[in-house]
Amino acid sequence: MELAPNRLLPGDVLRAGSIGLRTRRLRAVLSALGIAIGIASMVGVLGISESSKADLLAQLDRLGTNLLTVTPGQSVFGEPATLPEVAPRMIGRIAAVEEVASVRTIAGASVRRTPYIPIEETNGIGVSATDTNLLATLNGTLEEGVFLNAATVRNPVVVLGSVAAERLGIAGVGAGLRLYISGRWFTVAGVLEELPLAPTIDRSALIGYPIAGELLGAGQDATSIHVRTDPGTLADVRGVLPRTSNPENPDELSVSRPSDVIEARAAAKSAYTSLFLGLGAIALLVGGVGIANVMVISVLERRSEIGLRRALGAGKRHISLQFLTESLLLATIGGVAGALIGTLITVGYAWSRGWSVAVPAYAPAGGLIAALLIGAVAGLYPAVRAARLSPTDALRSV
Amino acid sequence: MSLLGSPAPADTTDRRNAYVLELRGVTKVYAGGVTALAGVDLAIAAGELVAIVGPSGSGKSTLLHVIGTLDRPTSGEVWIDGHSTAALDDQQLASLRAQAIGFVFQQFFLLDGMSALENVATALLYTGTRAGERRRLARELLERVGLGHRLHQLPHKLSGGERQRVAIARALLGRPAIVLADEPTGNLDTRTGAEILALLEELNRDGATILVITHEREVADACRRQVAVRDGRIEHDSAGEA
Ligand SMILES: Nc1ncnc2c1ncn2[C@@H]1O[C@H](COP(=O)(O)OP(=O)(O)OP(=O)(O)O)[C@@H](O)[C@H]1O
Ligand SMILES: [Mg+2]
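As they're listed, the protein sequences go chains A and B.
The numbering of the first sequence is the numbering used here, which starts it at 1 and goes up by one.
The numbering of the second sequence is the numbering used here, which starts it at 1001 and goes up by one.
Keep in mind that the hints were calculated from the coordinates and are not lab data.
Some hints here could point you the wrong way.
To be verified - The calculated label-pair distances, taken between Cβ atoms and stated as ranges, are:
(1) I297/A / G1057/B: 28 to 36 Å
(2) D1041/B / R27/A: 29 to 37 Å
(3) I297/A / A1131/B: 27 to 35 Å
(4) D1041/B / R25/A: 46 to 54 Å
(5) Q1091/B / G11/A: 19 to 27 Å
Stated by the list, open to error - Where chain B lies over chain A, by a calculated footprint (3+ residues, C-beta under 8 Å):
(6) 6-19
(7) 59-73
(8) 303-314
Beta carbons are placed, not taken as given, at the ideal position from N, Cα and C, and that holds for glycine.
So here's chain A without its partners, still in its complex pose (with noise of 0.2 Å):
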């Protein structure tokens, strides 16, 4: 008589895989715990940094990367060298060049709410003279008001910069709304916006060349000028930068490109990033140990389950495989979750900031992998034990 082998099928491998976790659901949770922080941790700062990155590129798109700022260095003597005044004049004569702007800062110059405050907290704010342009250069915006134009820059008006505005506690631009600069009082026209892409103008109080060369006595020269360029020709331009501004010493001054420290930025990974995974990582490896621990209990707890599933006719096999679908369950289970919670920090996170949210795909994917392969290590051994279970000593054990 021909003997019927004996066989499990698929869905019932989950189901009886299940049956440990639907048995004690509180054990369940508490195992999984350790594999859900881990995945939450490594996709959390995964997505956070990811986010953070494409919000830099974002950026990056929308100022542009055909600006260069040429600033005075040294002379040969070492000496501070400056920049003749005809600098921004000649490069604007320059083909590929579309915007031209400069700035020179006032040293010596404060800008106070009232006389009353002393003149030392500066709040590090500094005053400078500037083009009606800059703000077109820079690709900026205005948060409040208006920029300086031709007309203001001859009067005693002031518009200031984003950190600026927000020390002096400059909440809005009302009518008359006045600041003490350097012994006169200016008229606030306008706040800008934050300018990444040139971070000393948002601690500065702007006012025109013609005003700051009539009240407080200022030159001329610019300390640093803005130079936006045909995006095509921006190496060429660059190449001539030096010796359009200042024929007679072109060593004496420096070409950067502000959107390489944006860039930079984008591509570096900062220090948080290898730390989270670290720790992440850490309680994965956490996580499989309890997870091993409790499949181990589990089967120290269930030989008489064990022996009458074998009396039932239960291979060794299909013992392994419960246990081992038991284990790789419960890893999936805090995988699933793990990579759920990450992704809602990454959410949250993103949202606080202001940036649009950047999971990378690879990221809660990896940490399901992880899961599963972590589940399958811990229940491994739980698992052969199990199978190895003499069916009499598992029934004898009650």
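Once you have looked at the hints, place chain B with the ligands on chain A.
For chain B with the ligands alone, coordinates are given in the frame of chain A:
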């Protein structure tokens, strides 16, 4: 009406003529040197209801384990439903248990967290029978052992007698060639024990081959054939007597 439904006629004659179980010179020596079985010859035909009695430590449970292929004999032959167990590997023995042997234990061994119905249905889990079919058969059998109103109850909410009925239904679900019961009334009070015994007798009348290990006189007396075991040997077998 038949409790198990009517088996195919050819099958019936086949089983009535052949032994479903045969032991030849079976010994079992445990690792510590204890001889639990010292040469047992036993043949049981289909449809028999046999009681195995004997003092504690005489080797009854060992005998049941060897018959049930949960343990291998040290020497001798065990034939079950036409298969010599010595020729089968571990996997094949498990297959044999899945289709030819049903167990009833003193401690019931129902799985927590599974309803009575699911517990009974588990008997066919390792035969590759689909879940729906398993449950259908289990429901029928539970109704016939008088637990139609307890199908979805969890084991720990059942009385001892009800649990043993569930366990008996589980043992019978796969229509095994032989049902092995180790002290099935051992954990029950006298009245419940008597009910369980009546159920086993009824199932036997309907064609099930049942072997019961027992301490209790009444249980043994209710069986048509009694086998007395002492010190690993068969001391007395009522089979030969008229
Ligand atoms: N796994 C084992 N290892 C060693 N010795 C064992 C083992 N199992 C049983 N024995 C011994 O074998 C002998 C027979 O035991 P068995 O359990 O078969 O007796 P029994 O007739 O079922 O007794 P009881 O009526 O108390 O259940 C006893 O001496 C027992 O101590
Ligand atoms: Mg015993």
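Comparing the hints with the structure gives:
For I297/A and G1057/B, the hinted distance range of 28 to 36 Å is satisfied, since their beta carbons lie about 33 Å from each other. The hint said 29 to 37 Å for the Cβ distance between D1041/B and R27/A, and at roughly 50 Å that hint is violated. Roughly 29 Å separates the CB atoms of I297/A and A1131/B, a value that falls within the hinted 27 to 35 Å. For D1041/B paired with R25/A, a C-beta distance near 52 Å keeps the hint of 46 to 54 Å intact.
For the pair Q1091/B and G11/A, the beta carbons lie near 21 Å from each other, so the given range of 19 to 27 Å is met. Only residues whose beta carbon comes within less than 8 Å of a beta carbon in chain B count, and the segment 6-19 of chain A has 9; three or more means the coverage holds. Residues of the segment 59-73 of chain A lying with their CB closer than 8 Å to a CB of chain B number 0, which falls below the three-residue condition for coverage. Coverage of the segment 303-314 of chain A by chain B holds in this model, with 10 residues showing a Cβ closer than 8 Å to a Cβ of that chain against a need of three.
The earlier numbered hints that this structure contradicts are 2 and 7.
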